[in-house]
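These are the residues of each chain, in order.
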Amino acid sequence: MKTVEHLLPIETSKKRLWQQYLLDSLLAFVGSMLVTGIIYTFQLYPRIPNISIVYLLVVLLLASTRGRYAAILASVVAFLSFDFFIVPPLYTFVIYRIEEWVALFVFLVDAILTGQLAVALRERAEQASRRERETRVLYDLLRVTNREAESERQLHAIARAVVDVLSTWGVHDCAILQPDASGTLQVQASAYQPADKITLSSDEKAIAAWVLTHGRTMGLYDDTTLAPSTSARFVQRVIVKSTAAGRAVGRSLRLVPLKLGDRVVGVLLLRVLDGPQRFPSEERLEEEQGRSDAPTSFFWTFLGQVTALVERARLQKENLRIAVLQRTDVLRAALLSSVSHDLRTPLTSIKAAASSLLQEDVQWDEEARRGFALSIEREADRLNRLVSNLLDMSRIEEGALKPEKEEYSLTALIHDVLGRLEPLLAGRVVRTHLPDDLLLVELDYLMIDQVLTNLLENAVRYTPPESPIDVSAYIEGEQAIVSVADRGPGIPPDDLERVFDKFYRVLNGQHPAGYPMGSGLGLAVSKGLVEAHGGRIWAELREGGGLIIFVTLPLDRRERSGP
Amino acid sequence: MKKRGASILVVDDEREIVRALQRSLTARGYTVFTASSGEEAVEMVAKMHPDLLLLDLLLPGMSGLEVCRRVRAVSNVPIIVLSVKNSERDKVEALDLGADDYVAKPFGMKEVLARVRVVLRRVIQPPSGAEPRFQAGPLSIDFARRWVQVDGREVTLTPTEYDLLKVFITHRGKILTRQMLLKEVWGADAHAKTHSLHVYVAQLRQKIEPVLERPRFILTVPGVGYRFTEETATEESNGAVQGF
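Protein chains in written order, with our numbering: chain A, 1 to 563; chain B, 1001 to 1244.
One chain only, chain B, in its complex shape (with noise of 0.2 Å):
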C-alpha cells in the first residue's frame, strides 16, 4: 500500500538534505517534489495537492511555523517538521498548530520512513476511536468492557488511567504534545496538570509495558511529549527516540 506512490513535497533549504530524503524516499516508491523556501512550499501545496508535507522549520523568508500556519489554513495534508533540537518551543508550537509529527535534525532515514509509513498510513485508514478492540503484541483492550489485557493477565488501571490509553490509541503512531494529551484527557480543567501528567504516564506505563526498561507502547519525546506506537521495537524504538 505504501508503495501505490504517494507524493512528498520536501521542503528544506539544505540541498544536501534534500537530496538524500529524495534518494531515499524515491527508492521507497514515493513521488518526490522539492521546495527550497516557504513561499514555493505554500504555492506547491496549492499546485501539486501533495500527500505529505516534509517541512523543515528554518528557512529562509517565510517561516516554517508560518507555512505550517497557511497550508493548514486551506488543506489538511499532513506534516512532519524537521527541526533541529534547542529549539523545543517551535517544535511544539508547530505540532500545536497542526503539524502531524516532528523529526529532530539530524535525522536517521529508518526514522524519516518509519513517521512518514506512520503518517501516511493514519490518512487512509484514520483510527475511529470507536473500534470494539485493539490489539497490538501482547497488549489487547476490549473497549466495550473496559478491559485491559497484558500478556492474557487482566490489569487494573484507574479511570484517568484508562482514559489516558485510550487516547494513546486512537492517537496511535502520532505524537502527542503536552498540551494536547491534556486536553484530550482533561478537558477544560486542563490547567496545571502537567505535572501529573507525566506521573500518570509513568505509572501506566508501569501496568501496561512488558519491559519497563525498553519500554515498546508508549514512548517519550523529550521535551515535546509522548507517542504511543504499535509497532515493534526492533522496527521503530531505536529510530522514534533517537536523533538528538
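Bound-form chain A, shown alone (with noise of 0.2 Å):
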C-alpha cells in the first residue's frame, strides 16, 4: 500500500583496521620508491635540482586519497630513498653539502605541509557531506513520522527508522517502552511487529526499569564473552533453555534512557547483532555524550530528536484519551438515558395491563382479561430480550466473548428462533428460504440465537405491521449468509454502516415519525456477537423499498475424522 522508507544509516566510526594501514605504508613506499627509481634510473639529480618537487605529487595524491597516515609516510620515505640513492654519496645517509641538506628538509617540512593541509581539506569536505547526511537523517525522521496521524503509527515509524539508522551498528530490530499510568514499562512500538505481539522476557523488563530510574544505558548480553572487556556496566544473561539455533552468534541488547531534561520519558530497547564489535559501549557513549565533535555524537543528537517525537506522540495520545473518555462520558449519560427509557415503555404497559385487571369496578370479559395477560407476558418477553442484549453489550465491551462454537444446523436455528418468537411474531407474514440441506455451521448456538432474535425483533418494531418479512440462509463459498429483510421504510443510505455503532440510535437524536425510539442496542450487539465468530454484519438498502440485514458465518472446511 505505502512504500516504505527508509533513512540512511548512521555512518559507522571510522576506526582503522591493520589492512588498511598496511596498504597505506605499502602505497606510500611504492609511490616514493616508484618516483627514486625513475629519478635514479634517468641521472635527473643533479641535472633538474629541484627534482623532489615530483614527490610532493604523489604525497598529494596520498594525502587526498588515503588519509594523513599515508602522506607522512610518503614524504618520510622520499626524504630518505632521495638521501640515499641519489644524494651523493651514494647508498648513504651522510651529505656533505650544506645546501643539500637545506633542500632535503625544506623538501621534508613541505611534504609534511602539504599533506597535512590536503588531508584537511579533504576532512573538511567529509564533514561537510557527513553534517548534510546527519541533517536529511532528522529531516527524513521528522517527516515519516509527521506523514503518520495516529500516535501509534508514529511511534512505529519512530522506531522503523532508528534501526534504519542505527543498522551500521548492527541494530536490527526496535521498540519504544514508556512508562504506563501505573509506571509499568509498556511496549509502545516497534520496528516490525504489532506491539501488542511483543512480550518481553522478565530480566528485559527488569534493566529496562533500571534504565527508566536511572536515566543510564545498559547493556544485555547473551554471552560475556562478546561483552566489551572494557565495560564494566552491562548484565549477563543467563540462558535457561536454548530456544533457538541462532542464539548462539552475538546478540545483545542495548536499553536507551530517552531524555528530556533530566527527566526520562521512556526506553528504547535496541537488539543488536555482534553488537560489541560496532555498538560502542556504553561507557564510550556516555563519555562522548557532550562533546560534538565525538564519533557518537550524531547519536545523541539523533537520540534527542527520537525522544522530542517519543513524547509528542505520547502527548499526542494523552489529547486524545481525554477526549474520548470526556465523549464517553456523553455517551453513556445519552445510552443511560435511552436504556432507562427502553425499560420503562414494557414496564408502562406491563403496569397498565396488571392495573387494570386489578380494576374492581370494571367487569372485564374474558377476552380482554386475555388480552391484558397477553400483554404482559409479551412485554415481559421484550424486557427479557434487552436485558440479554444489556449483558451481551458489556460482556462484548470487557472483550470476555468466546464463542463455544459446535457444528449446527444452521436451518435448525433458524426455524428454532421463528418458533420461539411466534408471539413476537404473532400476525406478520414470515417467508423463509433456506436450502434442503442442513447447512452446517460451527457457530455458539446462543449468540447466533441472539442475533436473529434482535434482527427480527428489529424488523417487527421498524416496519408497518402488514409488511413480510424474508429470512434466508445459504452457501456462497467459504461462508454461510444469512439474511433477514423487510419491507419499511429503510433507512439513510448515509447510516447503512452507523446503525450498527453502539450509540447510533442514541446520537440520531431525532426519531423519524412513527418510528419507536430505543437504544437500538440490538444492532450493536449482534454485530459484536457476528464479528466474535470471525463474521460480518452489514445493512442494504432492499430494491422495491425496505432493508435487508446479511450475516456471514465462516465455514470450517477442516477436514475431521469421521463420525
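A portion of the hints provided could be inaccurate.
[Said to hold, decoys possible] Heads up, incomplete: computed chain B residues facing chain A, CB under 10 Å, no partners named:
1. S1075
2. P1106
3. R1146
4. S1196
5. V1201
6. Q1203
7. R1214
[Unchecked claim] Derived lysine to aspartate or glutamate pairs resembling DMTMM-like cross-links, with alpha carbons at most 20 Å apart:
8. K1183/B with D1142/B
9. K1105/B with E377/A
10. K1110/B with E422/A
In case anyone wonders, no lab produced these hints; they're calculated from the structure. Positions of the beta carbon are idealized from the N, C-alpha and C atoms, including for glycine.
Two chains, two frames, some hints: make the complex.
Put into C-alpha cells, the structure is as follows:
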C-alpha cells in the first residue's frame, strides 16, 4: 500500500583496520620508491636541481585519497630514499653539502605540510557531507513521523527509523517502551511487529525499569565473551534454555533512556547483532555524550530528536484519550437515558395491563382479561430480551466474549428461533428461503440465536404490521450467509454503516415520526456477536423498498475425522 | 393422577417468585412447601420427603449446586432447577449432577407446570427402555424389529441415528445435556464428538419430524442440549423453548 521509506544509516566511526594501514604503508612506500627509481634510472639529479618536487605529487595524491598517515609516511620515505639513492655520496644517509641538507629538509617540511593541508581539506569536505547527511536523517525522521496521524503509527515509524539509522551499528530491531499510568513500562511500538505481539522477558523488563529510573544506558548480553572487556556495565543473560540455534551468535540488547532534560520519558530497546564490535560500549557513549566532535555525537543528536518525537506522540495520545473519555461520558449518559426509556416502555405496558385487571369497578370479559395477560407476557419477554442485550453488550465491551463453537444446522437454528419468537411474530408474514440441506456451520448456538432474535425483533419493531419479513440462508464460497429482509421505510443510505454503532440511535436524537424510540442496542450487540465468530454483518437497502441485513459466518472446511 | 397431591418443595429467596409458584401449584392440587435458603432446603428434604424439588441455583449462602449435590447424596427426589440465562455452565453442571430438568428464568407458569407434570410422571412410570413399541402422534417405533414409521411410512435410519432416537425415547420428557447424549450413544469414546452430535440430531429431525419448521419431538434447549417430548405442540412447544 504505502512504500516503506528507508532512512540513511549512521556512519560508522572510522576505526582503521590494520589492513588499511598496511595498504597505506605499501602505497606510500611504492609511490615514493617509484619516483626515486625514475630519478635514479634517468640520472635526473642534479641535472634538475629541484626534481624532489615530483615527490610532492605522490604525497598530495595519497593525502587526498588515503589520509594523513599515508602522506606522512610517503614524505618520510621520499626524504630517506632521495638521500640514500640519489644525493651523493650514494648508498649512505650521509650528506656533505650544506645546501643539499637545507634543500632536503625544506622538502620534508614541504611534503608534510602539503600532505596536512590536503588531508584537512578532504576532512572538511567529508565533514560537510556527513553534516548534510545527518541533517537529512533528522529531517527524514521528522517527515516519516509527521506523515502518520495516529500516535501508534508515529511510534512505529520512529522505531523503524531508528533501526534504519543504526543498522550500521548492528541494530536489527527496536522497541519503544514508555511507562503507563502506573509507572510500569509497556512496549508502545516496535519496528517490525505489532506492539501487542511483543512480550519482554523478565530480565529485559527489570533492566528496562532500571534504565528508566537511573536514566543510564545499559547492555544485556547473551554471552560474556561478547561483552566488551572495557565495559563494566552490562548484565550477562542467564539462558535457561536455548530457544533458537541462532541464539549463539553475538546478540545483545541495549537499553537507552530517552531523556528530556532530567526526565526519562521512555526507554529505547535495541536488539543488536554482533553488537560489541560495532555498537559503542555504554561507557564510550556516555563519555562522548557532551562532545560535539566525537564519532558518536550524532547518535545523541538523533536520540534527542527521537525522544522529542516520542514524547510528542505520547502527549498527542494523552490528549486523544482525554477527548475520548469526555466523549464516552456524554455517550454513557445518553445511553443510560435511552436504556431507561427502553426499560420503562414495557414496564408501563405491564403496569397498565396489571392495574386494569385489578380495577374492581369494571367487569372485564374473558377476552379482555386474556388480552391484558398476553400484553403483560409479551412486554415481559421484551424486557427479557433487552436485558440479554445489555448483558451481551457489557461482555462485548469487556472483550470477554468467546464463542463456544459447535457444528450446528443453521436451518434448524432458524426454525427454532422462529418458533420461539412466535408470540412476537404473530400476525406477520414471515417467509423463509432455506435450502433443503442442513447447512452445517460452526457457531455458538446462544449467540447466533441472539443475533437472529435481534434482527427479527428490529424488523418487527420498525416496519408496518402488515409488511412481510423474509429470512434466507445459503452458502456462498467459504461462508454461510443469513439475511433478514423487511419492507419497511429503510434508513438513509449514509447511515447504513452507522446503524451498527452502539450509539447510533442515541446520538441521532430525532426519531422519524412513526419510529419507536429505543437504544438500538440490538444491532450493535449483533455486530459484536457476529464478529466474535469471525463473520460480518452489514445492511443494504432493498430493491423495491425496505432494508436487508446480511450476516456471514465462516465455514470451517477442515477435514474432521469421521463420526 | 397428577392431582393426587404430590408434595413440592419450592426453594427460592425471592418471595414474589415463591408466592407465584406456590399459588399456581396449589391451584393444581399440589401440596407446596417453601424454603428460602440452601441450608433450609437440605433440612426440609430430609424432614418432609417431598416428591419434587423446584430449586433456584442462585441462593444466598449455600449455592443451588451444593444443595443439588447434597440432596442427591441422600435421595433420588426429582429436582427441577430454576436459573437465569448467562449461567449455562451452572445449568449444565446441575443437570450433570443429577438434576432432572431446568426452567429458565423468567419462566412462564405453563412451562413450569408442564415440567413438573412430566417429571412426576417419570417418577411414577419410569420408561423402562424395554417396551416393545413406542407410539406418539405420527411416530411409531417397533424396537424388536428396529422399525421406525412416520405417518405409516417407513423411515430408514442409520445405526447411530437409531441409537440416538432410542436414547431420546428412553429418556423422553427429560432434558438431555450434550454430555449425557454423547455418553449414552457413543459410550466411552464419546470424547470430542460434540460436533457430530448436533449434526446427527439435525439429520434425525429431518427424518422423523412431520413439520421440520416446527419440531414437535426433538426440541433444542439452547446452550444445554435437547429434549424429546411426546406431548403435542400446542400443549408444550411454546413453553418448552420459551422463556429466555
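Comparing the hints with the structure gives:
1. S1075: Violated: closest Cβ of chain A sits about 32 Å from S1075/B, beyond 10 Å.
2. P1106: Given a least distance of 6 Å, the restraint on P1106/B holds.
3. R1146: It is violated, given that the least Cβ distance between R1146/B and chain A is near 20 Å, above 10 Å.
4. S1196: 4 Å, holds
5. V1201: 8 Å, holds
6. Q1203: 7 Å, holds
7. R1214: Holds, about 6 Å.
8. K1183/B with D1142/B: 24 Å, violated
9. K1105/B with E377/A: 13 Å, holds
10. K1110/B with E422/A: Since the Cα atoms of K1110/B and E422/A sit roughly 16 Å apart, the hinted pair holds (cutoff 20 Å).
In terms of the numbered hints stated before, the structure departs from hints 1, 3, 8, listed from lowest to highest.
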